Structure formats: C-alpha cells, structure tokens
Amino acid sequence: MVLSTLIIAGSLGMILWTIMSRGIRSLNWDMITKIPGGGFYIGKGGGILNAIVGSVYISIGSVLLGLAISIPAVLYINAYARRNAWLANITRLVFDVLFGIPSIVYGAFGFTVMVYFGLKTSLLAGIITVTLMIVPILARAMDEVIRLAPEELSDATYSLGATRWETSKILLRQSTAGILTAILLAFGRAIGDAATVLFTAGYTDSIPTSLHQPAATLPLAIFFQLSSPIDAVQNRAYAAALILTIIVLIVSLAGKYFGKRLSRHKI
Amino acid sequence: MGIIPHISVQGLNVHINGNHILKNISIDIPDKGITSFIGPSGCGKTTLLKTFNRLLDRNKNVQISGQVLVDGENIYGKHVELTTMRKKMGLLSQRPFPLPMSIYDNIAYGPRIHGTRGKKELDGLVEHYLRATYLWEEVKDRLHHSASRLSIGQQQRLCLARGLAVEPEIILGDEPTSALDPVSTQRIEELFLQLKDKYTLVLVTHILRQARRLSNNIVFLYMGEIIEFGTAEEVLLHPKERLTREYVKGYIS
Numbered sequence: 000m001v002l003s004t005l006i007i008a009g010s011l012g013m014i015l016w017t018i019m020s021r022g023i024r025s026l027n028w029d030m031i032t033k034i035p036g037g038g039f040y041i042g043k044g045g046g047i048l049n050a051i052v053g054s055v056y057i058s059i060g061s062v063l064l065g066l067a068i069s070i071p072a073v074l075y076i077n078a079y080a081r082r083n084a085w086l087a088n089i090t091r092l093v094f095d096v097l098f099g100i101p102s103i104v105y106g107a108f109g110f111t112v113m114v115y116f117g118l119k120t121s122l123l124a125g126i127i128t129v130t131l132m133i134v135p136i137l138a139r140a141m142d143e144v145i146r147l148a149p150e151e152l153s154d155a156t157y158s159l160g161a162t163r164w165e166t167s168k169i170l171l172r173q174s175t176a177g178i179l180t181a182i183l184l185a186f187g188r189a190i191g192d193a194a195t196v197l198f199t200a201g202y203t204d205s206i207p208t209s210l211h212q213p214a215a216t217l218p219l220a221i222f223f224q225l226s227s228p229i230d231a232v233q234n235r236a237y238a239a240a241l242i243l244t245i246i247v248l249i250v251s252l253a254g255k256y257f258g259k260r261l262s263r264h265k266i
Numbered sequence: 000m001g002i003i004p005h006i007s008v009q010g011l012n013v014h015i016n017g018n019h020i021l022k023n024i025s026i027d028i029p030d031k032g033i034t035s036f037i038g039p040s041g042c043g044k045t046t047l048l049k050t051f052n053r054l055l056d057r058n059k060n061v062q063i064s065g066q067v068l069v070d071g072e073n074i075y076g077k078h079v080e081l082t083t084m085r086k087k088m089g090l091l092s093q094r095p096f097p098l099p100m101s102i103y104d105n106i107a108y109g110p111r112i113h114g115t116r117g118k119k120e121l122d123g124l125v126e127h128y129l130r131a132t133y134l135w136e137e138v139k140d141r142l143h144h145s146a147s148r149l150s151i152g153q154q155q156r157l158c159l160a161r162g163l164a165v166e167p168e169i170i171l172g173d174e175p176t177s178a179l180d181p182v183s184t185q186r187i188e189e190l191f192l193q194l195k196d197k198y199t200l201v202l203v204t205h206i207l208r209q210a211r212r213l214s215n216n217i218v219f220l221y222m223g224e225i226i227e228f229g230t231a232e233e234v235l236l237h238p239k240e241r242l243t244r245e246y247v248k249g250y251i252s
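Residue numbers (numbering that gives the first Met the number 0), protein chains in the order written: chain A, 0 to 266; chain B, 0 to 252.
Bear in mind the hints are in silico, worked out from the structure with no lab data behind them. In this text, all values refer to a predicted model and were calculated from it rather than measured experimentally. In this text, a Cβ means the ideal position worked out from N, Cα and C, and glycines have one as well. Some hints here could point you the wrong way.
[As the list claims (entries may be wrong)] Each computed SDA-like pair below joins lysine to any residue, with the alpha-carbon atoms no more than 25 Å apart:
#1 A:LYS168 to B:GLY249
#2 B:LYS87 to B:GLY123
#3 A:LYS168 to A:GLY254
#4 A:LYS265 to B:ASP140
#5 A:LYS265 to B:GLU224
#6 A:LYS265 to A:TRP164
#7 A:LYS265 to B:SER101
#8 B:LYS59 to A:THR90
[Said to hold, decoys possible] Pairwise CB distance ranges (calculated):
#9 A:LEU261 to B:VAL182: 30 to 36 Å
#10 B:GLN193 to A:PRO149: 27 to 33 Å
#11 B:ARG116 to A:LYS259: 48 to 54 Å
#12 B:VAL182 to A:ARG263: 24 to 30 Å
#13 B:GLU232 to A:PRO149: 22 to 28 Å
#14 A:LEU2 to B:ARG141: 39 to 45 Å
#15 A:LYS259 to B:HIS237: 56 to 62 Å
#16 A:ILE100 to B:ASN60: 28 to 34 Å
#17 A:PHE116 to B:ASP70: 42 to 48 Å
#18 B:GLU137 to A:TYR256: 54 to 60 Å
#19 B:ASN18 to A:PRO149: 20 to 26 Å
[Said to hold, decoys possible] Partial list, computed: chain B residues near chain A (C-beta under 7 Å):
#20 LEU11
#21 LEU54
#22 ARG57
#23 LYS59
#24 ILE63
#25 VAL79
#26 THR82
#27 LEU90
#28 SER92
#29 PRO99
#30 GLY109
#31 THR115
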C-alpha cells in the first residue's frame, strides 16, 4: 500500500518535474503573447498564443454547449420522467457506453460528419466534436449528484405547489458543488484532448476570428513540436505542456473556490 | 360524525411493487382540528398521508385506485391542477429539509413561485410567518444566512413557516417531531394547538402520548387497514376493537 501510494505520488512528481525542467527553459513572455513567427518550427521566434486561444475557445465553447445538452437530459430522467424507470435506465446505459468510447473515435466520427456536410476543419467543428465527447462525462457526473439529492427536498418543493421545472431548479441549486466538479472534469478532458480536434479543428498559426476558421490547440502544439528533431522546438513542447497544466490548475482552483461560495446554502 | 369532511377518502387501495399497502381505505377527515394516524410502523400511515397531496404517485411501481376528495374534488381526477391542489396542503416531514438558500428565501420561495414579487410585500410575509412560528426573535439578525445553519428544531419551525406562507388549508405532518429534542417537540406541539382552529391538521405519529396531547380525532391503522376511527377519547380510552386495545396498552407495536 505504501508502495502504491509512492508510485502514484511519484509519477505525479516525475510528470511535473519533466515538464517543469524542460519547459521552463523555453517558457518566456513571447510564448504566451505571440503567435508563431516565420521559422518558429525550426526554432526561431514566436509563441503559441494561437494554440492557447484556440484551446480556451474550444474547451469553453464545448463545456457551455455540453451543459446546454446534458442538463435538460439529466433533469428529464430525474425530475420529469421519474416514473419511467425504463427510459432512465436506457439513458444511463447510453451515457455509460458513450463515456467508454475513445476520443479518437469521436474525432473520426466528427470528421465523417464534416465530410458529409462538406465542412472544412474549423473552430465550430472542433467545438461540436469535443462537445460530443464531454456530454457523457457531464451527464454521468451530474446524474450522480442530482440522484443523491434527498427525496424530501423535492417533496418539500412540490408540496409548496412548485412545478417540476421549479423543483428542478432547486435540485440544481442543491447540487451546485457536484455540477461544478463535473464541469471541471469535462473542461480538463476538453482542453487536453488531441484526438478529437486533430481532424476537426485542424491547426493554424493564426488566431481564429470566426467559428468557421480552423483553430490550433495546445495538445496538438505539443504533439507537433515534440515530433521535431530540433531540441529547442522539443523544449517548447514541454513549455506548451506546462502552460496547459497551469491553465487546468487555475481553472480547478477557481472552480473549488467558487464551488465553496456557491454551495454555502446546501443542506 | 356530523361534521363536514375536509378530506374524504373513498375505497382507496395502494399497491407498491405489487404489495398491497393500503386496503380499501374509506375515511372522512373533518374540517379543522387535529386528526392523528396511529399504528405500528409499516401499517401504512405515512403512505396514506402521502396520497393526500399526491406525492406518492411520483414514485415508480405505485398503483393507486379509489378516490381522495379534498373540498369535494377528487384529486385523482383527470383535470386536477397538481400545483394548485398541493398548494392547499403544507407538509412537514420527519426531518426538516430547508431549501438550499437563505432563511429569508426559504419563506419567500412559496409566495415567489406563486407570483408575489414586491420586496415590501415579501418582507412583510417573511416577518409575519417567522413571528407566527416564534422564530423571528431568534433569526431576525441573520435572515440572509443559510437556513442549514439553524438548529434542527429551528429548521422544523422554518419548514412550518415556509409551508404556512403559501396559505394552505391543510397541514400534513409525517412524524414531524421524531427527529427533534423534547424542547423543540414541545414548541412544535404548541404551534399545532394554535393552528388547529384555522387549519385542518393531519398528523402521523407513533407516540401515543403525543396523539393524546394533540388530537381531536384518532385513526388507528393496522396492516394497511383502518381498524378504528373516533375521537381521541374514544379510541385511546374506550377502544371498541381488540387490536386497538392491545396497541394502546402497548401489547403490539
């Protein structure tokens, strides 16, 4: 048991150490404020602002779109169609199956759909494909917490004459902390996944100005630079990894802080 | 009994997961006063209470047949407006469950969902119902604090105030003092005695002394059937049925 704990803690330490030690050398102000200049991929000046912005756009966009899809679904099986056990079971099974599908399959699926509709790689296609991937994550995590809300809470709102929608809002309020955890989980997956965006969002050196332009992402920035034989470019891949880790860390900490504040009324 | 019934149950049968929980229940609950359901645990008293505001049929595998008339209207009829019907009945559960919001918002919740928006009006309602449940002096300085920080006894009084704020006619209590300490229990009981002239109270209790202290009428249920129904004195002191006698004396519980 001690050994397992050490292995887990040790690997986290090693990961952080690797990206820190190799990335910190290439991490400078230019990295996060500039887009790639000419010859960036052979070690010349510029930064990866394009990938940072692209990743943030895609992850925020897909989390918002994902919430818009998963919240109604979760409320439907928990507050509206409670008596329909069959429907709820099927829906949960579907979420579980979707949850287990690897992200490259979502990427391939997104790509097929794009080709079918004659779309090019774009921010929009990236957001939609990543949304498909994170909807089951959001839905499963939120379903777990909303199911945990005590029965008597809904009894109380219903007996005050509340409608199912008004009761749903109370259920969401009661589950704020859990929903935030779900969002953080989904955000982490969305911002860190390379396979879904590879074919759908594409890659570009400029910052997208509309939903129809392709967008670069941090995981792909890591991937492309790491494949380079040039040492300086490889180090930049670690710097990109460090930036990605820092973004996820900031979002998690902010989420924890707001989660505490938002759920102060929880019973 | 010669009194106009407020709730009239006619031939009610309830099956849950195929088990016959309530068997052909018919009873008239008079207007105003306190009617208590007593009986051993598992006899169906809570189930019966929950058929009155149709909370029971939210659950799966529940089959209900028969009629429950409230003010002469069958609440299991086709055109029943559930929210309006439930608004008529406040509910106190075994453990208090304040809504996940502030003390103020807990009271204002009901009036708000039914269309009261004005701040002055809401302020007035909140104060009125907090005073009615003797909470005002205890919480007036922390109205916007979380309701979950109140003591459990205060929470139960808050839940009562919250229920009263939607102006119900009937108050349903499902062993509302079972989680409370003796002092809080006494305060809730005092409140019930004050409320019984204005509202019809239906309580489920397994405490015979509480039933004696509070009730005008008592219904004794056993294994899903009504064994005896009468005034508190009749049922507790001069029970007609052998089962009631044994329960009241403590032979069965």
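For each hint, the structure was consulted:
1. A:LYS168 to B:GLY249: violated (46 Å)
2. B:LYS87 to B:GLY123: Holds, at roughly 21 Å.
3. A:LYS168 to A:GLY254: The given pair, whose Cα atoms are some 20 Å apart, holds under the 25 Å limit.
4. A:LYS265 to B:ASP140: holds (20 Å)
5. A:LYS265 to B:GLU224: violated (39 Å)
6. A:LYS265 to A:TRP164: holds (19 Å)
7. A:LYS265 to B:SER101: Holds, because 10 Å separates the two Cα atoms, which is no more than 25 Å.
8. B:LYS59 to A:THR90: holds (17 Å)
9. A:LEU261 to B:VAL182: 30 to 36 Å: holds (34 Å)
10. B:GLN193 to A:PRO149: 27 to 33 Å: Because 29 Å falls inside the window, the suggested range holds.
11. B:ARG116 to A:LYS259: 48 to 54 Å: violated (30 Å)
12. B:VAL182 to A:ARG263: 24 to 30 Å: Holds, since B:VAL182 and A:ARG263 (Cβ atoms, about 28 Å apart) stay within the stated range.
13. B:GLU232 to A:PRO149: 22 to 28 Å: violated (38 Å)
14. A:LEU2 to B:ARG141: 39 to 45 Å: violated (51 Å)
15. A:LYS259 to B:HIS237: 56 to 62 Å: Given a distance of about 59 Å, which is inside 56 to 62 Å, the answer is holds.
16. A:ILE100 to B:ASN60: 28 to 34 Å: Once the Cβ atoms are compared, 33 Å apart, the range 28 to 34 Å for B:ASN60 and A:ILE100 holds.
17. A:PHE116 to B:ASP70: 42 to 48 Å: violated (59 Å)
18. B:GLU137 to A:TYR256: 54 to 60 Å: Since the Cβ atoms of B:GLU137 and A:TYR256 sit about 32 Å apart, the hinted range of 54 to 60 Å is violated.
19. B:ASN18 to A:PRO149: 20 to 26 Å: With a Cβ separation near 24 Å, B:ASN18 and A:PRO149 satisfy 20 to 26 Å, so the hint holds.
20. LEU11: Nearest chain A Cβ about 19 Å off; hint violated.
21. LEU54: Cβ of B:LEU54 sits 5 Å from chain A, so the hint holds.
22. ARG57: Since chain A brings a Cβ to about 6 Å from B:ARG57, closer than 7 Å, the hint holds.
23. LYS59: holds (5 Å)
24. ILE63: violated (12 Å)
25. VAL79: violated (13 Å)
26. THR82: holds (5 Å)
27. LEU90: holds (4 Å)
28. SER92: Because about 5 Å separates B:SER92 from the closest Cβ in chain A, which is inside the 7 Å limit, the hint holds.
29. PRO99: holds (5 Å)
30. GLY109: B:GLY109 check passes; min Cβ-Cβ to chain A is 4 Å, inside 7 Å.
31. THR115: Violated, because the Cβ-Cβ distance from B:THR115 to chain A comes to roughly 12 Å (cut-off 7 Å).
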